[in-house]
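Student: Given chain A, work out where chain B should sit, using these hints.
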Amino acid sequence: MTFALTLNVGSALLWGLFATGVLTLLMATGQGLGWSRMSFPFMIGSMVTSHRGRAMALGFTLHLGLGIAFAILYALVFESWKWATWWLGGLLGVFHGLFVLIVFMPMLPDLHPRMASKHHGPTPTRQLEPPGFMALNYGGRTPALTLIAHVAYGILLGTFY
Amino acid sequence: MPDTDARYAPIEDYALIGDCASAALVGKHGSIDWLCWPRFDSPSVFAALLDADDGGCFQIRPVDDYTVDRRYLPDTNVLETTFTTDTGVLQLTDVMPVAGRAAYRQELWPEHEILRRVECVEGSVEISITCDPRLEYGQIDPPLEDRGPHGFFYNHEGAVLIVRSELPLTRSRGRGALYGQQTLHEGERHFLSLTFDEGEPAVLPLLGDHAERKLARSVNYWRDWAGRCAYEGPYRDAVVRSALTLKLMTFAPSGAIVAAPTTSLPEAIGGERNWDYRYCWLRDAALTLRALYELGYEAEGRAFFSWLLHATRLTAPRLSVLYDVYGNSTVEERTLPHLEGYRQSPPVRIGNGAHDQLQLDTYGELISAAYEFVRREQSLDTWHADLLSALGDEVCERWEEPDEGIWEVRSGRHHHTFSKALCCVALERLVALDEAGFLQVDVARYRNEAEAIRAAVEEYGYNEEMESYVATFGGDRVDASLLLLPYYGYTDATAPRMESTFARHHGELAQDGLLYRYPPGTDDGLSSEEGAFGICSFWDEEMFARLGRHDEAQENLDRTLAYANDLGLFAEEIDVESGAFLGNFPQAFTHVGLINAAVTLQKARDGTLTTLDEPVEHARS
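Chain order of the listed sequences is A and B. The numbers in the first sequence follow the working numbering, run straight up by one, and end at 161. The numbers in the second sequence follow the working numbering, run straight up by one, and end at 1621.
Excised from the complex, chain B in its bound form:
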């Protein structure tokens, strides 16, 4: 039996490049193993990540044995991989070109492009190139047409992929793959380009000096963007890397931020916890908005908030758990049985069945995001105000219902304490916005309902014996989401019940600088174990900071950050034993957690820490 694992790189071996509408994963061995065009949730062009044999990839690497070192060029999303062989050193630079708006007015750009520069910087290195696109998640081996100086064309269903190369490529017999092998000598530098156009005549990619300028322009674009980061506190490099990663997962045309650019990277190898994260979760709204504003990215914050309310307008006052980048809430889940899955961990799922779950906490998270927006921008237009009021009425109607909860468990509905608490927060924030003159709600009703919810949470959601808030009413299980209660302003971190809750949670869930979201072995409707949850680890550190235990916060943050890969990226989960990444990668929510933890620690030390219930200024009349 072949060693199946050897065909798959560890998840942490991947890097992300992107153009703020789509993204690709590039492995340490110079292979682009995941790419979806034209947008994050489109069918894949390369999917070797999920099927090493039939998924398709685009690889450039030395023929002989080599060691690898890699980095992002400082403050950019331009990846540089350095291969060292016995005979020489080869540098591979990967970028999906981006530029300011003016550049798009001055010349025609392909809709999407991956530019790869290969350069021999020392000695000589023989390289091999394989470009093997398999469209529609590996199902289509597209016909290849050689158009000479214009490049190699893959036409499929009104879309076209073009490969142009300064190195000679030959096509495989009977198939659509391109191959090349060449020895490069010191100083030799060549470009390869893969482009995508759809619905219109294609724009042929330029190589040589023009490609060099495009690369330089992309570097400048990212450096300008990173330079706008207002955060100057500790862990700045990790924070800036997280911000750059979040920007890569932003769908610029709408302002949406996807949870991750991948699908079905397993939360347990060989398990069934494989989900499609190429969508946007309302759950992440307030935390993401806070991260953007804290770093000084107001334009991105405004775009994200605008997307949030745009997306929810079609389903309001009911909220869907997740939406696609254009705000559609119907993302039916199905499996792709022809793909074997990462390290043979089927099923590969596309779409997400959680879209029709009920998560009452999303009302609190969305309304908290609106509150944060108003606090920062001092404005709320009438339509948005009406929408928020309608959401508040919905909370009053539905808060007593059981729901699936923040973790989208598939074991049925329960009365989740965090969901109820966030319903209370939603109503209290709306009352505050009413009092500040930004909208009008039935204040008396909202106050009564909020008090009723709070009473229920305190009576049924707190386990006196455990001295802790618990996951479900009347239950005895801890849940890391409860660590967010102080952040959302439901209670103070230093309130006796919260302090003892934190002690209990840290004691039960923390291990080696990481935190599980709930105790391993909890019945969540799925078999197999999962790893520690990236963002929960950062919530743990935020709690230390909020409690004034700064040194412990820093110590734990140091330990958590040590789990990042060599480029500073995090997946959704981490295997506590091995430190290996699990789940979709990279995960926006984890990086949001990192940013917020660093900011919280800095502010706690400065004595400027706030929560989401900070009062808003009165609306200007």
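Chain A with its partners taken away, still in its complex shape:
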């Protein structure tokens, strides 16, 4: 049996950019309102540089890029199911958000060159506070905020792709 996926790349890029923008907006709103200290741009950018300002700018750009790349993945899933709708996107968002919180965040200290190990104190090269399980170190409302932002991301892609 042969199986080929046809992908609407333009639509995935466009709505991926938009959905990433909304996700970033929701997370930044949560930060501004004091609900969470989770900052994807800062965490990503500080992998590359220890200059705060540059880390934010670079991290923001990389985060947008990652968001668009994930949109391609979402689009591939939609194409494989030959179906895209808001709740399907939302479900993917739930999975995506939970994966980030439960799998990715706890292993981040091992991947991030400037993040302190959860077992040892900070060192001159590793000073960033690790997120911990479900990123709870960054505030008790971080899991809910992150999940909501990713569900919104998925719903937008499911609706408009």
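Think of the hints as simulated: they come from the structure by calculation, not from any bench. It should be emphasised that the depicted structure is a prediction, and the values quoted were computed from it without experimental measurement. Take the hints with a grain of salt, since some may be wrong.
As the list claims (entries may be wrong) - Under 10 Å between C-beta atoms, here's a sample of chain B residues computed to sit facing chain A:
# : residue
1 : R1105
2 : Q1106
3 : W1109
4 : E1145
5 : D1197
6 : E1200
7 : V1203
8 : D1209
9 : G1327
Claimed, not checked - Short derived list, chain B residues pointing at chain A, Cβ under 7 Å:
#  : residue
10 : E1107
11 : L1108
12 : P1149
13 : E1157
14 : G1158
15 : G1199
16 : P1201
17 : L1204
18 : L1206
19 : G1208
20 : H1210
Backbone N, C-alpha and C fix where the C-beta goes; we use that ideal spot for every residue, glycine too.
Tutor: Frame of chain A; chain B shown alone:
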């Protein structure tokens, strides 16, 4: 009844440390009793200064009886407190780390940090440590989380405080306080760090050698900065200390300079004269700018002037009396009834009700600052020129209105002589700037209005019987602000009317090297007496210098400087009887006065004294 005063240290017992965005007061007993993060006017982290029981503090001190000696490391804002006990000598070094821009590119820094180094330099000393943050002006006892090697975390509303220590700390039962007790032996040296981050993952503070390097880097930063001070005249140490203190009260991100880093330190113990000074007053503009330029701090002068015009652009052509560090003029005043106030002197106020007062003198002070800026920099961009012209039009429209005056009295509006004179100065300076080609105004109109104001001041603001300019039109009360008239170029110090005004003011207001701003007992809308006003004392000495009475200027300056605390710092006011500090501390305006008085005396002796109406060079075409 407990001795309530014993819970509070005298105001003069405090020292200031800071990082040019926020500041902390450290008492002689090693206690940080006042700290607001992330900026000067943020809610407090420690406020034992205003409520010894519930405000929160961070104290390190010997357990046994001790004597205290302290100093700033020379030419720095790094505080060193030395405790001597029967068994040994302990040194506590406090700093809020700062560094040049390059350092911030090379490594991650917490948003704010207080680094405390404790070292036993002789014998052995048992020390106790208490760290008890109470957020939101003592209202929040934040939850404490022990994250082992990463430190103790206080998370609250998207912000996090982290305490890391090389000495063991234990948490109190059911509360968020940390305690420690340990005996240190000669040669032992340990660091404790308190950091603040907001909105992002925190940067964990490093201790040990890294902290040592950070401390050394801060010392170098301050020494480099102090080394740029161009003043080489008499009282240089006091001038440099004042400059360093002004720098601590500068909000580096915007260039604003706050009047003081504290709120509600009372101008009279038990009285109601408690105000929040963590804002920036336009009143201080020209004098502050002059002080910065005279000391050679051009970059700080430019930043401050830029902030001045940025702050006023939203309200222009109307000026607010005060603005916050980012230029917002709405700083509503409210009281905090849960805090008992310094030495039980309520109310504790945050925000400042003076923000909606009318002070016509601010137009003169702001435009004089602009004039000083142009004289030094030989430039004024178009937008700033338009703004200044709009302010001039506003002066023409409003100078006849009564106002609250420079001292922000709460007894209603009056026709204040100083306000009118500064309106005249504003228009004359704008005409001069027009003639020099830096801006365009309606010269004929401005000249006519300036002449009309001058005529009114000379007719109603001068009391022939008293042979003195007086506080209000038709009044008979002296007011120290009038001593500034020669400085702003309204009149010469040696003009007969000014000379007799000075004699009258010095006679009525001066006492023991200090000067009241107006006669004690004057109805300013508030009950209770106040102390002598720090900056007015320096204005008095400037007048002596301007009159060529140099020895008297020096003698009085010596007497005033003797009231400084052991670190060279001044509060807003001084109790003439006891020499105790009153009001918010330390006060930028007082230190500006000190700098200007020393510079004026030196220039008067050198014959190079100028006033603010010195002509500007013509704009380059």
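Student: Hint by hint, say whether it matches the structure.
Tutor: Each hint tested on the structure:
For R1105(B), the suggested interface contact is upheld, since its CB lies about 4 Å from the closest CB of chain A, less than 10 Å. With its C-beta approaching chain A no nearer than about 7 Å, Q1106(B) sits inside the 10 Å limit, and its interface hint holds. Hint status for W1109(B): holds, given a least beta-carbon distance of 8 Å to chain A, under 10 Å. A least Cβ separation of about 9 Å between E1145(B) and chain A falls short of the 10 Å threshold, and the interface hint therefore holds.
Proximity of D1197(B) to chain A holds as hinted, the smallest CB-CB distance being about 7 Å (cut-off 10 Å). Hint status for E1200(B): holds, given a least beta-carbon distance of 5 Å to chain A, under 10 Å. Against a cut-off of 10 Å between C-beta atoms, the interface hint on V1203(B) holds, since the closest Cβ of chain A lies about 5 Å away. The closest approach between the C-beta of D1209(B) and any C-beta of chain A is roughly 9 Å, which is under the 10 Å cut-off, so the hint is satisfied.
This hint is violated: G1327(B) has a C-beta 20 Å from the nearest C-beta of chain A, more than the 10 Å allowed. The criterion of a C-beta within 7 Å of any C-beta in chain A is met by E1107(B), whose closest approach is roughly 5 Å, and the hint holds. Evaluation of the L1108(B) hint against chain A yields a held restraint, the C-beta minimum of about 5 Å falling below 7 Å. The closest approach between the C-beta of P1149(B) and any C-beta of chain A is roughly 4 Å, which is under the 7 Å cut-off, so the hint is satisfied.
Taking 7 Å as the C-beta contact cut-off toward chain A, the hint placing E1157(B) at the interface holds, the least distance being around 4 Å. Taking 7 Å as the C-beta contact cut-off toward chain A, the hint placing G1158(B) at the interface holds, the least distance being around 3 Å. The beta carbon of G1199(B) comes within 5 Å of a beta carbon in chain A, closer than 7 Å, and the hint placing it at the interface holds. Hint on P1201(B) holds. Least Cβ distance to chain A is approximately 5 Å, under the 7 Å limit.
For L1204(B), the interface hint holds, since its Cβ comes within 7 Å of a Cβ in chain A; the closest pair sits about 4 Å apart. A least Cβ separation of about 6 Å between L1206(B) and chain A falls short of the 7 Å threshold, and the interface hint therefore holds. Nearest Cβ of chain A to the Cβ of G1208(B): about 10 Å, over the 7 Å cut. The hint is violated. At a threshold of 7 Å, the smallest CB-CB gap from H1210(B) to chain A is about 6 Å, leaving the interface hint in force.
In this structure, the earlier hints numbered 9 and 19 are contradicted, and the remaining ones agree with it.
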